[in-house]
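Add chain B to chain A, keeping to what the hints say.
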Amino acid sequence: MKFAKIWLSISIASVLVLFLSAGSGSADNGVKLPKLDLRGTRLDNGLRVILVPDHSAPVYAIDVSYNVGSRNELPGHTGFAHLFEHMMLEGSANVGKGEHFILVLNNGGNMNGTTSEDRTIYFEELPKNQLDLGLYLEADRMRSLNVTQANLDNQRNAVEEERRQGVDNQPYGRAELDLDSLSYDNFAYKHSTIGSMADLEAASVTDVADFFHTYYAPNNAVLTLVGDFDPDEVMVKVRKYFASVPAQSAPPKVDLREEPHYGERRESIFDPLARLPRLDIAYHVPPGNTAENYAMQELAIALAQGQSSRLYQQLVKEKELASNISIVTDARMGTGQMYIRATPRPGVSLADLEKGVDDEIAAVAKDGITAEELAKAKMQLLRRFIDRRRTVLGTAQLLGEYAVKFDDPELINTTPDKENAVTIDQVKRAAKAYLLRDQRSVVTTEPAQAAPNAAREAP
Amino acid sequence: MKSHSASPHFGCESRRSEMAMIPHTIETSIPRAAHCGPLRCLALAATVLTLTVLATSTFRGQEKTTPLSKVERLNRAPVNKEVLRVQLPRPMVAKLPNGLTLLLLEDHKLPTVTFIMWIRPGQLADPSDLPGLASFTADMLREGTERRSSFAIAGEADSLGATLGANARFGASYTVVNAAGLVDSAPQLLDLLSDIVLRPAFPPAEVARYKQREIAVLEQRLANPVFLGQRAFRQVLYGDGPLAMASPTRDSIARVTPEDLKRFHAQHYRPGNTILGAIGDFKTGDMRGLIEKYFAAWSGASEPPISLATKRGEPEPTRITLVDRPGSVQTYIIGGTRGIRRTDPEYYGLQVMNQILGGGPQARLFLDLREEHGYTYGAYSNFNAEIYPGDWLAAAAVRTPVTDGSMTQLVYQFKRMSSEPAPQSELDDARHSIVASFALSLEQPARLLDNWMTVQYYGLPADYWDQYADRIAGVDTAAVQAAARKFVDLAHMQWICVGDRRQIQETLAKYGPVTVVDAEGKAEK
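Chain order of the listed sequences is A and B. Offset between the first sequence (1-based) and the numbering used here: plus 28. Offset between the second sequence (1-based) and the numbering used here: plus 2.
Just chain A, same shape as in the assembly:
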């Protein structure tokens, strides 16, 4: 199994390097995407910088990707990476609490931050005449975050409401959390990114301060700017704002390996907020940016993306077993999953639906997909990639993600070629290797009568 290299182990000091790639984002469907010229460098403090001029609109995007996610959390501290993400809005030496929102939004910008299993990102998109503002805001909080009890209590509340709104007050919320905890043995991916209520309650100011020093250091981050600017001028400003942020010692590495399972795992849930049953299945897949992962991505599209896809045609239209079905396939740093989610048509049992899904999975594991299905999947992937690359913000986020997760920002130019290189044999081999019944986990949900004061907030 191949794992992403930790980029900070490479140390190139303050040299502006021009990355050039042979590939030009072309595919044999004849579509040529404009190739992006990445300017990469690393400051003395370890901050990796990627600059891409794009003069198509008078705007720019700034993305700071930190090489930390919920995978780095330890038992008793779940939800910490994300809780910390919220703390990054609570003010720093020169930016007041909440002022970040005010400065960005009132100057015509947009911003947010997100945390996944693998990485945490912060981003702003602003009119090009506010270049200093974005750099200043990101540098100030990287250098000097305010960690206080009052701020922690406040954001803990916001995060708990986020969990309630997204999970505890939603039908099937528990199914989605339980599926990961069932299907992973390695704690890194076993627990949820949102975290348990008990762990969120227990988080202390000391924990927050430690987390900041360990992970929010320039040597554990990638700064990406894409937009309407002169890269030489931007580089001067990047140094001005970021060069004096001190480096920290490298964070501990996390083992993301998932050992093979011995037999299928199952759980059934009675959900008081659900009105219809649901079937959730997860199969392990190889880490992202590997030939096998690309093959699994294309397999998933052939199975369930678009109304001509196999599962839609067979299970929704022909056999009328499902009212909807979807598949999401991870591209993680470690072992990811292919998630299949289906709702039975009213009157159809979960068992019949599962049998229908199993028949399709068995067929594809035996015979693979057709050349036509593969060609179609490639076109759909290319469209999706173009849509993500359309805006400077989308491009900056992709670059940050490629750099942090796979140590390869040049993937912005080479991904279409890699996706296009997948062969029908690779898909068939991957399907046979990974769609294994004894390696999968299944969660079934059935509606339950709401109990008075139903305790749904159990961790």
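It is worth saying that the hints were derived from the structure and are not from the lab. Keep in mind the model is a prediction, meaning the values are calculated, not measured. Treat the hints loosely; a few may be bogus.
[What the hints assert, rightly or not] Lysine-lysine pairs mimicking BS3-like chemistry, simulated, CA-CA at most 27 Å apart:
| hint | chain 1 | residue 1 | chain 2 | residue 2 |
| --- | --- | --- | --- | --- |
| 1 | B | 111 | A | 446 |
| 2 | A | 456 | A | 394 |
| 3 | A | 345 | B | 264 |
| 4 | A | 345 | A | 383 |
| 5 | A | 156 | A | 63 |
| 6 | B | 111 | B | 285 |
| 7 | B | 417 | B | 512 |
| 8 | A | 383 | B | 213 |
| 9 | B | 83 | A | 156 |
| 10 | A | 60 | B | 111 |
| 11 | B | 213 | A | 345 |
| 12 | A | 345 | A | 460 |
| 13 | B | 295 | B | 264 |
| 14 | B | 83 | A | 265 |
| 15 | A | 383 | A | 460 |
| 16 | B | 488 | B | 512 |
| 17 | A | 347 | A | 456 |
| 18 | A | 156 | B | 111 |
| 19 | B | 213 | A | 347 |
| 20 | A | 63 | B | 111 |
| 21 | B | 524 | B | 213 |
| 22 | A | 60 | B | 285 |
| 23 | B | 83 | A | 268 |
| 24 | A | 63 | B | 285 |
[Said to hold, decoys possible] Which stretches of chain A does chain B cover? Using the computed rule of at least three CB atoms under 8 Å from a CB of chain B, they are:
| hint | stretch |
| --- | --- |
| 25 | 151-157 |
| 26 | 293-306 |
| 27 | 364-377 |
Even glycine gets a Cβ: it sits at the ideal position worked out from N, Cα and C.
Same frame as chain A, but now just chain B:
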């Protein structure tokens, strides 16, 4: 950008494992897409740019805008005081002999093309005994034409890597049909698009299957607090008729027939009722010719605008509708009133007032309910301006035990907004924010197109977006307060609270007379 998915319940979805600082989209907090404001507008690469300072604005920003909050402005970060003013590139507008209005915009950044059709009158034409007919018709366009089967349509679209979809959103006065893909496939896309719009067949077998899926969709939506709140709000605000509906009913799904769909299509899908917009990597002249090739044969005179009689005349006094959702750990609160038409001159005042009160994470509601009190993940306000008086509303999902506190803060902020003039610095910030955000809109072609379709559809002046910044700059304290008095009107505020009745009914009674309904909308004793 509107959804380009034919079926929102199918395909690759995002998982709940990615957590964000603030809600990704307002949709999880507010039961609709973004309002028709400048945050939705964009423009293109070859835009003329000028750096100007808003003539009437000074950006002092020294005062604390929310005295109640611990939010703190240090004003040390480097801010460029100039607003980057941009001019949106104008589309080529043409009318074909059959009455179809075309709107064409070139955008050469990437080799793609997007087509969007607005076909009136959409859901507003639903018969009272068949709610959802417009929506059923739109959903069924892809399910077979005189020339293609449902499978053939799906296969062609997927093979092109294209998106092809249609929807008649509840509350919208037009059906949207769209197609997008790589520009090389523009002829095939137009062939598909014109086929599903001009020649849908509504095959009985497909209609029967669709009805089964639609029942499941409805059941799933009934489990969603945002949907329950949205449905109750429309009911309270509009009483009866199409405007009062937010979804089909089990009965209408059961009763609709292929003949109903054919009739609706024949009556309303006409070139004279339609604007077709295209944006992408093409030459305008070539694209016009291509569109004419596929749409010139379409015929049918335009219909007169639909009349929208609703029983409600004067706004009703404040009332609280509690939608009982047993087992809820949050209360989803909506407070709102009847709003304006898109062409009303009050639009600008409402826009700026809304920006101050709840237009984003920098606005009063968010800073108070989330940053100060930690009651919620997000609190926002929004408005919807249509050919009929739409609505203005604020919404937040709060944990059940702080339902009372949240209501108190909402009432406090509403009262403050309508009774105290907004400080000059807050007014400046709001106007600045709205105008400055135009620059960001310049790189999302589908949204730019949507902006110009808005101008065309509502009959706004051709230089509307050129004038917009000045109109916003011209909104003064008095205009903001007038908008607040009229729309943030506590005497006529309609509250919807979706939550666990046993835990919140008593509390809510403090804020007005409470009516309890169940998930089906039926009154409970």
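Annotated coverage of the stretch 293-306 of chain A by chain B, confirmed only when three residues or more have a Cβ within 8 Å = holds (count 5)
Hint consistency between residue 383 of chain A and residue 460 of chain A [alpha-carbon to alpha-carbon, up to 27 Å] | holds, 18 Å
Hinted pair residue 345 of chain A and residue 383 of chain A, Cα distance within 27 Å | holds, 16 Å
Starting from residue 63 of chain A, check that the Cα of residue 111 of chain B is at most 27 Å away, please.
-> holds, 12 Å
Quick one, are residue 83 of chain B and residue 265 of chain A close enough, alpha carbons at most 27 Å?
-> Roughly 19 Å separates the two Cα atoms, so the pair holds.
Going straight from one Cα to the other, do residue 417 of chain B and residue 512 of chain B come out at no more than 27 Å?
-> Answer holds: residue 417 of chain B to residue 512 of chain B is near 16 Å, not above 27 Å.
Hey, residue 383 of chain A versus residue 213 of chain B, does the alpha-carbon distance stay inside 27 Å?
-> Answer holds: residue 383 of chain A to residue 213 of chain B is near 24 Å, not above 27 Å.
Distance restraint between residue 111 of chain B and residue 285 of chain B, which requires alpha-carbon spacing of 27 Å or less | holds, 13 Å
Would you check the hint for residue 524 of chain B and residue 213 of chain B, treating anything up to 27 Å between C-alpha atoms as holding?
-> OK: residue 524 of chain B and residue 213 of chain B at ~23 Å, within 27 Å.
When you check the alpha-carbon spacing of residue 63 of chain A and residue 285 of chain B, does it fall within 27 Å?
-> Roughly 23 Å separates the two Cα atoms, so the pair holds.
Sort out whether residue 394 of chain A lies within 27 Å of residue 456 of chain A, counting only the CA atoms.
-> Answer holds: residue 456 of chain A to residue 394 of chain A is near 8 Å, not above 27 Å.
Regarding the pair residue 156 of chain A and residue 63 of chain A, is the alpha-carbon distance no greater than 27 Å?
-> holds, 22 Å
Checked against the numbered hints above, the structure breaks none of them.
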